[in-house]
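Asker: Sequence:
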Amino acid sequence: MMKLRKIISLEYVIALIITVFFYGHLDFSWLYFMVFLLLPDITMIGYLLNPKIGAVFYNIGHSFVLPALLLVIGFMMSSSILLMIALIWLAHIFLDRALGYGLKYEEAFQKTHLQQIT
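All residue numbers for the sequence shown refer to our numbering, where the first residue is 115 and numbers rise by one.
To be clear, the hints were calculated from the coordinates, so they are not data collected in a lab. Take these hints with a grain of salt, some might be off.
Stated by the list, open to error - Here are the in silico distance ranges between beta carbons for each label pair: (1) Ser192 to Val127: 25 to 31 Å; (2) Asp141 to Tyr219: 38 to 44 Å; (3) Leu162 to Lys225: 15 to 21 Å; (4) Leu163 to Leu124: 31 to 37 Å; (5) Val149 to Glu220: 30 to 36 Å; (6) Ser193 to Tyr219: 32 to 38 Å; (7) Ser143 to Val186: 20 to 26 Å.
What you are looking at is a predicted structure, and each value in this text was computed from that prediction instead of being measured. All C-beta atoms, glycine included, are put in the ideal place defined by N, C-alpha and C.
Input sequences plus hints: build the corresponding full structure.
Answerer: Shown next as C-alpha cells:
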C-alpha cells in the first residue's frame, strides 16, 4: 500500500501537470514559464528579518488564495497576462508541495503544514 505522504505528493504532481497542460493549451510563452517559475520564492526574504515575518511572507506567496483569485479575475476579464501569471504561480506552489514544502509555521522554516522538512 502506498504511504499517505506519497499519495499527497502524487496529487500535487497531477495538479502541476494539469496546470502546465492549461498553460500550454493557452499557448503562453515557455520562456516566461521557466524564467518566472521560481519567482514566488522571493517571499523567503522575510526570513532575513526573523522566522515569524518569514513565515508570513512565505505563506502569502505560497498559499493558493491569491493565484486562485487572480485566475478567476483573469478568466472574468479575459486577461491573458493575469491567466499566465496565475498559472505560473500555481505551478510553483504545486511543485513545492509535491516536493514536500508546505506552508510554514512561525517556529522554523522546516516546520510546515505537510511535514517536518529534514
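Asker: Run every hint past the structure and note whether it holds.
Answerer: Checked hints:
1. Ser192 to Val127: 25 to 31 Å: 30 Å, holds
2. Asp141 to Tyr219: 38 to 44 Å: 40 Å, holds
3. Leu162 to Lys225: 15 to 21 Å: Holds: the Cβ-Cβ distance is about 18 Å, inside 15 to 21 Å.
4. Leu163 to Leu124: 31 to 37 Å: 36 Å, holds
5. Val149 to Glu220: 30 to 36 Å: Since the Cβ atoms of Val149 and Glu220 sit about 31 Å apart, the hinted range of 30 to 36 Å holds.
6. Ser193 to Tyr219: 32 to 38 Å: 35 Å, holds
7. Ser143 to Val186: 20 to 26 Å: This hint holds: roughly 22 Å between Cβ atoms.
Consistency with the previously given hints is maintained throughout, with no hint failing.
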